[in-house]
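Dock chain one against chain two, each of which comes alone in its own frame, and use the hints as you go.
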Amino acid sequence: MQIVKSTVVRSFLLLVLMALLAFLFSLQFGTSYFGPIEVINGLIFSDSGIDRTIIWEIRFPRSLSAALVGAGLGLAGAMLQVTTRNPLADPAILGISALAGLALALVVVIFPLANSYVRGMACIAGGVAGGGLILILSRGFVSPLRITIVGVAVGAFASACIIGLITGSRVVLDLALGFLAGGLYGSGWEDAFWWIVFLPLMCIGIISLANRLDNLALGDEIAINLGENPDRTRAAAVLFSGLMTGIAVSISGLVSFVGLASPHIARAIVGRGSLNLFTGSILVGSIIMLVADTVARVVISPSELPAGILTAFVGAPILIYLVRSKLS
Amino acid sequence: MKTIPVIACNNLILGYKDKVVIDSVDLEVSSGEFVALLGPNASGKSTLLRGLSGIRAIDAGELSFSGQESSLITPRELAKRVAFLPQSPPTDLDLTVRELVSRGRSPYLSRFTVTDSETTKYEVDRAIKSVGVESLAERPLGSLSGGEAQRAWIAFALVKKPQILMLDEPTSHLDIMYQRDLMRLLRELCGDGLAVIVVLHDISLALAHCDRVIGLDQGKIMFDGDVRNGIEPSLRALSEIFKMNLVSLPSSAGTTLVAPDWNNPED
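Quick mapping for you: the protein sequence lines, in order, are chains S and G.
Quick note: the first sequence, position 201, residue 201 per this note's numbering, numbers continuous.
Quick note: the second sequence, position 166, residue 166 per this note's numbering, numbers continuous.
In case anyone wonders, no lab produced these hints; they're calculated from the structure.
Here a beta-carbon is modelled for each residue, glycine too, at the ideal position from N, C-alpha and C.
Treat the hints with care, since some could be wrong.
[As the list claims (entries may be wrong)] Simulated crosslink set (SDA-like; lysine to any residue; CA at most 25 Å straight-line):
#1 G:K121 / S:S208
#2 G:K121 / S:G219
#3 G:K17 / S:D220
#4 G:K220 / G:V20
#5 G:K80 / S:V9
#6 G:K17 / S:E221
#7 G:K121 / S:V8
#8 G:K121 / S:V9
#9 G:K121 / S:L106
#10 G:K80 / S:I207
#11 G:K220 / S:E221
#12 G:K243 / G:T74
[Claimed, not checked] Computed from the model, here is a short list of chain S residues facing chain G with C-beta under 8 Å:
#13 S169
#14 N211
#15 H264
Just chain G, same shape as in the assembly (with noise of 0.2 Å):
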């Protein structure tokens, strides 16, 4: 029996005023799934992540949600289900990682709710031990370093127990170490059976974590595969994508790398 996706789309189309960004593009993920997004710059890869999250209205096709389609889902049950974080969320708030995580739950508490109730504390402290910001809890979302601030935000994505969570470009402001130890992360995550979509610009650290990398070029799918199986296919398909080169290289775990071929002469 196949399972229904957590989002699934259908001849999508993304534009603004009398340009497509985004051209009839056909998606399904699941539950559990760890996605990248890839591609050149302008390939349409936010558009489209901010098209799947409901932040920006669809110009033409179907888009669904556990297969309820999307019109039919209020603002707030969507905020509920998707949790996107955008490319540099502030960190100029005056709030602490406590209560800007509490601010995540907004979508579950009624308008005139002042204080926290139980539920609000317990799911609150979850979300902030789920990302291991625990010490940081008291700290000004202000004084932390980005690597840390990064991790803020995901508990404030995940505190309202949402089904998938869009990340874009989340690496792009942290040095390598933030950069594995936020994958992993995402990974673990997913074994918890969150569905987790992410732009990024590094394809060498897509294919290293990811199950399934996506390829989008001038707003098109030009690739979407499977990387568990072996990722040669991924990378004869990206070096097209990124017009460049790219080599796999053996790694410490066995496992192959993935980097642009950056001298080589043809390119």
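Looking at chain S on its own, in the form it has when it is part of the complex (with noise of 0.2 Å):
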């Protein structure tokens, strides 16, 4: 048991200094690059000029966004995936990302001067929506092919609504094409602050949810035996996918894979549990999206591509893959 616990414990440091290193990555490189102690120069001294406006104000609040969505993405790719018991399960394949996108066009159009705060409600209440109608349609998640046939249909619709009002509108057209293909172009200070309501939330979900989701991988009647409630666990691990899926939305659009990736890439690194498996998620989740964001910033500088392209680029093979290796 020392073993195993000693080997988790160094799989962990390993994905948080990965995250670490990708986080000073991030702000290493992009239009112009900082070696390590300029980086670290610009973070301390206000006085550094340029260097400070473009590492403290630009790269800085930008890095901590996309390490966010990572996180929210990967950790409600790993509760759906263990709610559902479908590997593959994702808020983008269960068409949540697009509730929580449709939600913030709807605002959008119908109140074209809202500020960032009440986009990111109008998302986050899209999110936990489209996990309810999803938990309606699916009727409790018994089965893992009704849950992901529903997901692809609402996820279909919501896709082509968003599609409708933004063609049909000239102020979402300006959003349209950062929004649909994911990125963080632009994000500032006001997303990073979105840490705030996340870092609190994340915890009490997975301290919440970790130990009685083990519990219901027994199978619901002997959950039952235990005290649990199935039915109303499942519900929570659900809404609270949707409100974290509605936090990355916000921020960065629809990026894809990320959520469906970092759940399985985790399971390998940090072993079995929901515990183990939740936090490795936001680690590697986190880790996939600095990269991305950074490779994207960096491969047609000074022009970027949006870092949704890219992870959809790498997570498709791993789609495949998965798919395919299920089925043999």
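See below:
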């Protein structure tokens, strides 16, 4: 047991180290390059001139936002996969991201002057409603196949509505491309401040749900006999995933595959149990988003790609690989 | 003085939508009793067991545990008192036997507990020992044979220190030696004061090991008798319930064995 535990601790330390490195690189690379010392100076000393502006005002909040998007999507994906017992569950595939996006598009069309916090709240409401809708339409998550089909249908419907709104409204058109492809272009401190909401919610969600979801894995009847309420736990987990997804979508738009891939990678690194899986998925999701955003900024510099395109490029083969390995 | 039964139900009704599955059942089970629920397919045995264990809500009637009304007991408190195992508990879980048994302590633990306390460790060791799977404790559940996995699950059920253990057809996937060992294990547990209620298909196994058999047919209790003072009344009642003649045979231990009269031309 001791050996197992120390291996898990080492795996987590490795993930934390990788996340910190990914964060540092994201501050260093961009249109202009900074060495590690310059980055630290830029973070600490407010009189370091243009470096300070680039690092503290632009890159640092953007990297915080990227890490937040990855963490939110990774956690939402992990929780959906555990709850639905479906290795292909993910906020994008289950249509939850699209519903959060639809809520955002509606708010922007109806209230063009709404600030970023109102938009954020709309996304969160959309994400939670999306989770609730999938829960109701799939009649309580009993059949993984039904959930997936319902999710795909809801997602397609919501995406069609978003496209409809975009083509029908000039206001939304400005936001549209970056939003649909998913990315962090223009993310600043107002996005990074979502960490203040996200961090405590994340801790509460993980602590109150991990143990319950582990008990549910033994089967509903056995879980009830451990004092659990399976339906309520599943509902809470799905609504919570919707909340996490909503925060992520409000910052980055529709980033795909991070929610799908992060839990699979985390499972391979940190092993069993929901607590490990959730924490691991948060770290892996953050690393993926930080790397994707950094590469997106560098690859066609001084212009940039939406990070969502990169996650899809890497994520699509992972999905195909997963489907193949599940079939064989 | 009459002792308070660990579980008692009165006029219990269980059903699905418009269909009544368990119809006005009265039942009392005391501490240390070893009770078999018998009956043909669809007689309501499994439904009754789920109703009694709190796995499913009761539709009408009264259900009490040690004299306390079931609706007044919280789910976690009930979980500590009653252990239930379905017919085929999953074996494809990514857990070792010790990890599985530790999960069984959940009703006693706070949601914020990450590491096992000394009490948990002690109780887990005790449960593992009580079913004789010490040597398998660190093995993955998936690597065990059917009989071994069954024992691991019983340790999981016992680690809660329940007053009642309810098992739904625990012998259905076991070969005869494991069936006998399991029934002996359950008998031993009854000796320690645990009440055991077990749904069985095998009448012979039930009459050879249990103290009491309850015959169900179409959701009603048709027979409820102590078999320690002779099995003849049970035999007659069960022959009627199963619509098949049952015969008794002498056994090596001087007790009587029961077998269906497979080739009876009158049936």
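Worksheet entry | Hint check, failures only | 5, 9, 12, 13 and 15
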